[in-house]
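Enquirer: Listed below, chain by chain, are the residues.
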Amino acid sequence: MGVNFHSVFFHLMAVLASGFALAVVFSNNIVRMAFYLVASLGAVAGLFFLAGADFVAALQLMIYVGGTLVLLIFGVMLTARGPFADLKTSPAQWTVVGLVGGSLLAVLLYAASSASRWTASGKAASAPPDQVAPTSAPLGLALLGARVDKLDPKQNSASSRAGGMSGYLLPFEIVSVHLVVVLIGAAYLARARRRATPRPIAANSPPDDPSQSSSVS
Amino acid sequence: MNPLAEPVHLTHYLVVGAVLFVCGVTCMAAKRNAIGVLMGIELVLNGANLNFVAFGSPYLQSTSPASIGLDGQLMALFVIVLAAAEAAMALAIALCFYNAHATIDVDQADELKR
Amino acid sequence: MADFFANWLPNWLALTLAALVHVTLILTLALTAAAAFTWAERKVAGRIQDRLGPTRVGGRFGWLQAVADGLKLVSKEDVVPKNADPLLFRAAPYVSFCASFCVYLAMPFANGWVAQPLDIAVFFILAVAGLEVLGVILGGYASGSKWSLFGAMREAAQVVSYEVPLALCAVIPVMVAGTMDLVAIGNMQSGWAWNWLIFHDPFLFATFFVYFTCAVASVNRAPFDLAEAESELVAGFLTEYSGFRWSVFFMAEYASMFAVSMLASILFLGGWNGPLPITVWLGLAPNPATGDAPHALLAYLGNFLGMVNLLTKATLGVLVMMWARWTLPRLRIDQVMTMCLKYCIPLAAAMFVGAMVYAYAFPAGLIFRVGGGG
Amino acid sequence: MDLELLLPLLLGLAWLVPLGSFAAIVFFGPRMGRAGRGAGYLAIGAIGASAVLSIVALIAWLLAHPLGGDHGSHHAVHAVAGDWYPLAVFGDLKITIGYYIDGLTVAMFAMVSVVALCIHVYSLGYMHEELHEVTDPLVTLSDGQPLKRRGRFHRFFQYLSLFSFSMLGLVIAGNVAMVFVFWELVGICSYLLIGFYIERKSASNAANKAFIVNRVGDFGMIVGMMALWSGLGTFSFDEIFARVRPAANGHALVVPDGMVRAAASERIAAIYRTTPTGPGGAFPGLQNAAEARIAALLPGWRAEGLGYGLLLVAGLGIFCGCVGKSAQFPLHVWLPDAMEGPTPVSALIHAATMVAAGVYLVGRFYPVFTPEALLVIAIVGCVTLLIAATIALTATDIKRVLAYSTVSQLGYMMLALGVGGWVAGLFHLFTHAFFKALLFLGSGSVIHATGTNEMPRMGGLLKKMPWTAGTMLVGCLAISGAGIPLVIGLSGYYSKDGILAQLYSFAGRNPSHAWLFYAAAAGAALTAFYMFRLWFMTFLGLPRDEHVHAHAHESPRVMVVPLVILAVFAVVAGWNVPGTALGLQPLLEQARPLGTAEGASHGHFLPTLAMPAEHLSHAHEIHVPVTLIAFTVGLAGFLLASAMYWWRLLDADLIGRTFWPLYEFLRNKWWFDELYQFLFVRPVLRCAALAAAIDRAVIDGAAHALAAAVRLFSRFDDWIDRLFVDGAVNATANVTYEVGLRLREVQTGQLRQYVLWVAAGTVGLFVLAMFLWTYTLAG
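So the protein sequences, as listed, match chains A, B, C and D.
If you're matching positions, the first sequence starts at 1 in this note's numbering and goes up one per residue.
If you're matching positions, the second sequence starts at 1001 in this note's numbering and goes up one per residue.
If you're matching positions, the third sequence starts at 2001 in this note's numbering and goes up one per residue.
If you're matching positions, the fourth sequence starts at 3001 in this note's numbering and goes up one per residue.
Source of the hints: derived by calculation from the structure; they are not laboratory data.
Where a beta carbon is used, it is the ideal one built from N, C-alpha and C, also for glycine.
Check each hint, because a few of them may be wrong.
Claimed, not checked - Counterexamples of contact, computed for chain B against chain D with all Cβ distances above 12 Å:
id: 1; residue: V1025
id: 2; residue: T1026
id: 3; residue: A1034
id: 4; residue: V1037
id: 5; residue: V1044
id: 6; residue: P1058
id: 7; residue: C1096
id: 8; residue: A1100
id: 9; residue: V1106
id: 10; residue: D1107
id: 11; residue: D1110
Claimed, not checked - Here chain A is said to cover these stretches of chain D; the calculated rule only asks that three of the stretch's residues, wherever they fall, bring their Cβ under 8 Å from a Cβ of chain A:
id: 12; segment: 3749-3762
id: 13; segment: 3765-3772
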């Protein structure tokens, strides 16, 4: 058989995601990091598409890339005064981090490679259709507490999910309320505080000495 | 053999997820910039999400009992939402920290030690 | 189309060809649209300002003006400022362009004429359209100039806030239709003009205008073009850009303008279904009464007419945007924010609730029947 | 509406309204109107509402039980008795908030609330100066300045409201316990109001005196209550009466079984001992057998008089309380001093209502009294009336004169009750309430005008204050029983004649006690004498003190109007509504307790003693002579008084000097205060001093020694504590601190190190898992 486009796009996206992730790790400029992170997350969204989770993918694009990243960039810009370059990590720390990270990666890779052993015989759908199965409606129903994909009573009995327990209505509610609370809290934390002393202007006052910049009312 | 020809297996996804995860952890551990740490966290969460989606993917393990069906995607949804919340919170904290210390070097955030 | 090629080609090559064809079509559309709109913008501006606009280049309508502009831009020197971040400075325009271009992946041009049919097309389009701002921000920051930074920040604030009412307004027809698949939504509105979703109920009618306002803002056209406020910030995030990269930004802007108005015409204005069911009369579309499908070739012709219809509506939307740009003064940033947070979002929410109640009270709509909610 | 429901509702409301105004004034008094003026209006409104309700209740009662005949003894009218709220139940003892309503209760309600209403209105004018800053000339501070204090207008009316509530509660009370509670409440009010000018030493002393003297009586009352309960096992009036005068026995007085058993406890124990019973009892029912024998023996025991003493003790105990409350002979000393209070208080509490409560209680408990108890009551009343009347002859303080006359009139009432004149005594109680309140208010208005209590400094006030003089003249005539003999007279004429008639028939029945009648007649003469002495000295003759006379003036209308109203009552209170039998006397006749109509006799200890039935005293051969006698002695007293103080034929001082021992004796009030000082106060004080000395010397010494020992030990203990306990504790703390410091080194507040540790830990766990649970991964 010829080239499996599913595999081709998977490898492409995987390489993009991993590469940009590494770029995030090894770059020092915070804005570039943000850019790489966007790219990496976008690639992950592509992987979601390939895994048939198009809703999650779109959500990933919207929330992460469209929302979280803009938030990050806000953070970058708002704290953009002051040097970023000198926030270098010492080579010694790099080595320690590298060691730990490497060992962790090794362990995880071992676990991943063992997946074929603890999942069913590793045969996958050889030729995935070019039209992804609709998932938004089932997801929405599941969030409202009805599992259309677990309607099979046999599977219900097999997998020990009680009828009412498989829905996600309550977690959905909890997450929504949690989100609201968190956003309010964030707005409160990040609100503009009035400085006890007016900002130093021009040369006649010492430019931005920490006491003044740190004196918040 | 040609990697592009053989079908994608769950392991592939897990490997990518592991790479993202480790990158995130490394980022958290190595970056002294609070925002960098935050980005690391996002990476970690994405690695986890990738695993969730892969476990529930209809193309990879749909037939085997190991498949968790839609639950994977639902988990991913929740993780994404919580990640957004966490990012907002963390940024707010970073801003406060910056207002107080005029820097966002996380190594400076050890008053509780002293 | 892939299987059409697959008749005499290996599978992978067929898929590649099909993809290439799609991409070429969409790219051509985007580029020509951009070119046409630059010319149209000038003409509209001229007429509105009681001028003639371009008259020289080619014919007495200066219809080659766009080509001349393109040549000028391409031939210009590409300057990268000294204290700019070269990588991001270079990458930013392409990010923007990719974003606004990817929108067309899920955008149907006629019944079934869509590059990648998605059942979450609306969601996808909104998400991807939101990515365009990223390029703008990157570019503005990477230029290393305070004007650019100001522009970028304004853009970020504005677009991120306007995504909320935009999504809300887009959700309302989706709720009424019961699906996020644009093709399905478009097919629901076949027939007379009162089958369009905008005439489904008063709330949707009001929603359309809120949506259009938010769309104008989210593609930061005047009167919301705070990011490139040439009278305050020299050119906003475009200050340091010139030549080809500038034109890429430019094309991205026009592409996204076109995208949002296309989305509007599909969600509200019946998409490829005209005010009169001409295609049904000519037998070019499946007959709603009998439901028998026309011959493939006739169907193709009907789809083509539908595409022309849709593009006309989208172009009209863009022209309205231009008209607004040259008519209305620019808002202040705080006014922009007030507009979004104090008017658009509450309006959209109210319309959402109202439409929900209405759809619950009259499941079939007032005068037109949503086809069983998709 | 059914009377059973209507009366408790009306009277209960009439009873509770003043409580409401009291509470309101307590909380918001000072903020009511300007300087608390509103408090007065509130209190007046409350007592007015009670008066209206009471009168409505009276009318309802009269409609339900029309008054027929001149004495309602033969048609029995049952009282409306019941409970509002049960407070507590201890075994068979029920403490409840109950009501016992009969004609007497209704009449008392009307009288009390009307008189109280008049006096409230009067106080509005009398207490006027309390509205602003008051300087009390009678109190000099240490710096010699007179006392300046804030006005207590609202407080005065707050006390008045509390008193009205307590008095009405005392009247409506349905059981002895409740009576006792309100008994004490009126005592408290009297205490508070006597000590209203608390800064005056005399006032506070008088208040304490009144309270303590009342305690003596109340002790006796508690004894009586205990006797009643031990014998009858109940407190409520109707049960008590039902057991003491069972209807089966024609409502004749019998010693209740409980008292007999209590007295014969030894014999009962013996019966139980002799009757075979106990754990080895052959067959059940022997218990009942014993009871049966006891029941068989009971009449015999009763005939022997067992338990009679207990009944006597009960009656006398209750009477002790009455003695204290209505200032009878041994305990009469507090009432004259109580005049330290404001005059309206004297009128309301110490003339009209509270002191009459004792008489009322005797009347209420009448069925329980044995002939012996009645005789004691009569003797006490007689002695009281003589002593008080004689003291009143020489008193010069106008209010004291009135106070002693009050005591003697109360003595009259007791005397009447004691000799079986139930109606006569209570009738006198009502009439006396009206005219004595009138007299007190008149004296109050005189004092208000002249600013002094001393009669020798008054005189010739008739022109200055005609209204007061006129109304007081009416009062004097009423109290001395003036009237055209056998035709018509003021209220006092009827009541006093009733008393004397009953005494006369009593004296005729058992001559050994005839002296009671003579004493009463002499008392009547004395009454007339001292009352008119008061009036002449106050209003006639030449002004003796120009200064006083100069700024004397008639009182404001708000004070005069109540005087007039009370004067009208004092005139007509004794009359029946012309043509009908509607009147106070018939009402009381109807309210007479069952079984007391035929008089009392056959006492166990004094078998010969016999209280004649009261209606016998209405016979002509008794009635006519007594009326003439009473009129003559009253006239004699009046003539003597006018000869001495009006026409000045006789010189009072000369007489005083001639009979100086007697005069001194009377002036010093028979040296009662000195006697009590000598008999009780001094010994008590000495005992107290002795006890204090012992306390200081012995007990404190012991305590100090103990304290020293404890201090010594504690110093030792302290040493141990510091050395060992604290040492241990501090050592622990130090160790913990050191360890904490060491461990602190691990916590480098470096975020990234924590991340590293987490990651390393994860790796470690993974490795462990792989080595330990390989099968899970390799499975």
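Enquirer: Each hint: holds or not?
Expert: Now the hints, each set against the structure:
1. For V1025(B), the non-interface assignment is contradicted: its Cβ lies about 5 Å from the closest Cβ of chain D, within the 12 Å cut-off.
2. A Cβ of chain D approaches the Cβ of T1026(B) within 12 Å, the least distance being about 9 Å, so the stated non-interface status is violated.
3. Distance check on A1034(B): its Cβ comes as close as 9 Å (rounded) to a Cβ of chain D, failing to clear the 12 Å threshold; non-interface status is violated.
4. Non-interface status of V1037(B) relative to chain D is broken: a Cβ of that chain comes within 12 Å, the nearest being about 7 Å off.
5. The claim that V1044(B) lies off the interface is violated: its Cβ sits roughly 10 Å from the closest Cβ of chain D, which falls inside the 12 Å cut-off.
6. Listed as a non-interface residue, P1058(B) keeps its Cβ farther than 12 Å from every Cβ of chain D; the least gap is roughly 25 Å.
7. Listed as outside the interface, C1096(B) is consistent with that label: its C-beta sits roughly 15 Å from the nearest C-beta of chain D, beyond the 12 Å cut-off.
8. Interface exclusion of A1100(B) from chain D stands, the closest Cβ pair being 15 Å apart, more than 12 Å.
9. At roughly 5 Å, the least C-beta separation between V1106(B) and chain D is not larger than 12 Å, which violates its mark as non-interface.
10. Not every CB of chain D lies more than 12 Å from the CB of D1107(B), the least distance being 6 Å, so the non-interface label is violated.
11. Annotated as non-interface, D1110(B) brings its C-beta within 12 Å of a C-beta of chain D; the closest such distance is 3 Å.
12. Residue count for the segment 3749-3762 of chain D with a Cβ under 8 Å from a Cβ of chain A: 5. That meets the three needed, and the coverage hint holds.
13. Against chain A, the segment 3765-3772 of chain D contributes 3 residues with a C-beta closer than 8 Å to a partner C-beta. That satisfies the three-residue criterion, and the hint holds.
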